[in-house]
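Assemble the complex: chain C is given as a structure, and chain L must be docked to it using the hints.
Protein chains in written order, with this note's numbering: chain C, 1 to 230; chain L, 231 to 479.
Calculated directly from the structure, the hints in this document are not laboratory data.
Misleading hints may appear alongside valid ones.
[Said to hold, decoys possible] To give an idea of the interface, some chain C residues facing chain L are shown, with a C-beta separation under 7 Å as derived from the structure:
1. L70
2. M75
3. R77
4. P79
5. G80
6. W81
7. D98
8. Q136
[Said to hold, decoys possible] Cβ pair distances, simulated, as ranges:
9. C:D168 x L:C301: 50 to 56 Å
10. L:V375 x C:G40: 16 to 22 Å
11. C:R6 x L:R386: 28 to 34 Å
12. C:I51 x L:I341: 54 to 60 Å
13. C:G85 x L:L249: 55 to 61 Å
14. L:V374 x C:E156: 50 to 56 Å
15. L:V375 x C:A95: 15 to 21 Å
16. L:S468 x C:H7: 54 to 60 Å
[Said to hold, decoys possible] A short list of chain C residues far from chain L (calculated; beta carbon distances all over 10 Å):
17. E76
18. D101
19. A218
Glycine residues also receive a C-beta, built at the ideal position from the N, C-alpha and C atoms.
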Amino acid sequence: MLLACRHITLKYAGSEKYVLKNFGFEIDGPGFHALFGPSGVGKTSLARILIGSISDYDGEIVKRRIQSILYSYNMERLPGWSNVGTHLDRITPSAKRDLKDEMVNAFGLASFCSQRFSQLSLGQKNRINLIRYLVQDFQVLIMDESLANVDEITREKILLTIKDLFPDRCFFYISHNVLEVSKFCEHIVVIRDANKQPQAHLIKGQNFSNGHPLDKNAYEKTMLEIMNAS
Amino acid sequence: MLHRRVLQFLIIYTLGLTLLLVVKYLLNLSDYVIPSPESLINTSQQVFSRYFGDVMDTLLVAIIGQVVSICLAVLVGVLGRQTTWFGSFIKVAAYNVQAYPIVAIAPIIFILLGDGFMSRLLIAAMICYFPLLLSILGIMSEPVVDVEHFYRITGRIRWQLEIKIRAFENIHKLTTVVSGSATLAMAGTIVAEFMAANAGIGYSIRIALYQSDLSRIIVALFLIGISLSVYQGLLEFSGSWVKKTWASA
Numbered sequence: 001m002l003l004a005c006r007h008i009t010l011k012y013a014g015s016e017k018y019v020l021k022n023f024g025f026e027i028d029g030p031g032f033h034a035l036f037g038p039s040g041v042g043k044t045s046l047a048r049i050l051i052g053s054i055s056d057y058d059g060e061i062v063k064r065r066i067q068s069i070l071y072s073y074n075m076e077r078l079p080g081w082s083n084v085g086t087h088l089d090r091i092t093p094s095a096k097r098d099l100k101d102e103m104v105n106a107f108g109l110a111s112f113c114s115q116r117f118s119q120l121s122l123g124q125k126n127r128i129n130l131i132r133y134l135v136q137d138f139q140v141l142i143m144d145e146s147l148a149n150v151d152e153i154t155r156e157k158i159l160l161t162i163k164d165l166f167p168d169r170c171f172f173y174i175s176h177n178v179l180e181v182s183k184f185c186e187h188i189v190v191i192r193d194a195n196k197q198p199q200a201h202l203i204k205g206q207n208f209s210n211g212h213p214l215d216k217n218a219y220e221k222t223m224l225e226i227m228n229a230s
Numbered sequence: 231m232l233h234r235r236v237l238q239f240l241i242i243y244t245l246g247l248t249l250l251l252v253v254k255y256l257l258n259l260s261d262y263v264i265p266s267p268e269s270l271i272n273t274s275q276q277v278f279s280r281y282f283g284d285v286m287d288t289l290l291v292a293i294i295g296q297v298v299s300i301c302l303a304v305l306v307g308v309l310g311r312q313t314t315w316f317g318s319f320i321k322v323a324a325y326n327v328q329a330y331p332i333v334a335i336a337p338i339i340f341i342l343l344g345d346g347f348m349s350r351l352l353i354a355a356m357i358c359y360f361p362l363l364l365s366i367l368g369i370m371s372e373p374v375v376d377v378e379h380f381y382r383i384t385g386r387i388r389w390q391l392e393i394k395i396r397a398f399e400n401i402h403k404l405t406t407v408v409s410g411s412a413t414l415a416m417a418g419t420i421v422a423e424f425m426a427a428n429a430g431i432g433y434s435i436r437i438a439l440y441q442s443d444l445s446r447i448i449v450a451l452f453l454i455g456i457s458l459s460v461y462q463g464l465l466e467f468s469g470s471w472v473k474k475t476w477a478s479a
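Excised from the complex, chain C in its bound form:
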């Protein structure tokens, strides 16, 4: 077991509504997993619990072999006082410079490094932001709609690159795209409204990656399972 959430219950101060109620799931090891569910069911709250920015909850988080959990989201901005290339250079540890360059190329951003963050499109911003997290030391990275506004072909390329480059890390990909999570994720934690119990269902995804063919029937079955569970 790598990470387990057990009986997590969360209600924000001043609110009568539970965000998470007796919520739980368990992930055995590294891989590309998803947190899936409609808006407002507590995906971001769960992410904030995992990184420790929410501590006022009941239940237990068990982490094994995890020193660092990072959380990136799609509204983040880079400081405006330097261009994105300079910024990436500054925050990339020297041992990971090559990795950074590889990702900049794979994510289709090589020609934008001389620009300011504010000059980029939303999709480019999200890709740059994701790269700066990927070059940090982490065991778990939560990607909260980190590839929003990126076209499907580029998104697929990015997801496959991440899976190739980081097979020993654990990712939680927060997305509303059932096709995407069914195809690329190893496990999908389907989160439902707190009034429904159990609030979470763990569904096995197709974990599609380079060199592994996609079983279309199994893929469709996964999507149906997710839709039924949510």
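Just chain L, lined up with the frame of chain C:
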């Protein structure tokens, strides 16, 4: 920016002066109550150079007082931005102290320090300090979450970086606050001179008031307004230059 400030002042000054003259001629008031345009021109020829020197004297005190206030407000604002008990203490103290009319303390300053340069400087600094402090505290205490999150979660955040991010993101607000505080510093200095000092345009206005010479006061107001407009315009220009230079570094 600069010319806009000056133009705005000239429009307002002309409107004010026109209103006075309209009242004068409508109510048939004597030149003793509201001076005629000829009297205004004569007075301005007589006192212009002396009043200009007085305004420069006042403006110099106001600028030094404002610089002192800015330095102090930045220092206290940076310390008070923290969510520690010390930061909370500074914030509460600043909010409570600023509620007191600082100008009421001015007589004590004159009694203790006399009617010289220091009293004027201190009153100017005190009057523009608290509004500056509240604004800088507000800016420095407000996290720029979308930018700071990465540094915070990766353990890279340092107080210097935090301040740099917040200052950069709020440079326009800071420029506006600093520019606005110039008016307060000037007002503080004039009030101090008006009360008890022996130099500056406030002192000259006080003498003109005792002589009931409205034309001199109108000339003084013109010089105060035009000098302040130029100074504020230069501050705004400096602010936009800093932003432009910083953003293209």
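Each hint tested on the structure:
no.: 1; hint: L70; in the structure: 6 Å, holds
no.: 2; hint: M75; in the structure: 5 Å, holds
no.: 3; hint: R77; in the structure: 5 Å, holds
no.: 4; hint: P79; in the structure: 6 Å, holds
no.: 5; hint: G80; in the structure: 6 Å, holds
no.: 6; hint: W81; in the structure: 6 Å, holds
no.: 7; hint: D98; in the structure: 20 Å, violated
no.: 8; hint: Q136; in the structure: 5 Å, holds
no.: 9; hint: C:D168 x L:C301: 50 to 56 Å; in the structure: 52 Å, holds
no.: 10; hint: L:V375 x C:G40: 16 to 22 Å; in the structure: 20 Å, holds
no.: 11; hint: C:R6 x L:R386: 28 to 34 Å; in the structure: 32 Å, holds
no.: 12; hint: C:I51 x L:I341: 54 to 60 Å; in the structure: 58 Å, holds
no.: 13; hint: C:G85 x L:L249: 55 to 61 Å; in the structure: 59 Å, holds
no.: 14; hint: L:V374 x C:E156: 50 to 56 Å; in the structure: 33 Å, violated
no.: 15; hint: L:V375 x C:A95: 15 to 21 Å; in the structure: 30 Å, violated
no.: 16; hint: L:S468 x C:H7: 54 to 60 Å; in the structure: 58 Å, holds
no.: 17; hint: E76; in the structure: 5 Å, violated
no.: 18; hint: D101; in the structure: 20 Å, holds
no.: 19; hint: A218; in the structure: 36 Å, holds
In summary, the numbered hints that this structure violates are 7, 14, 15, 17.
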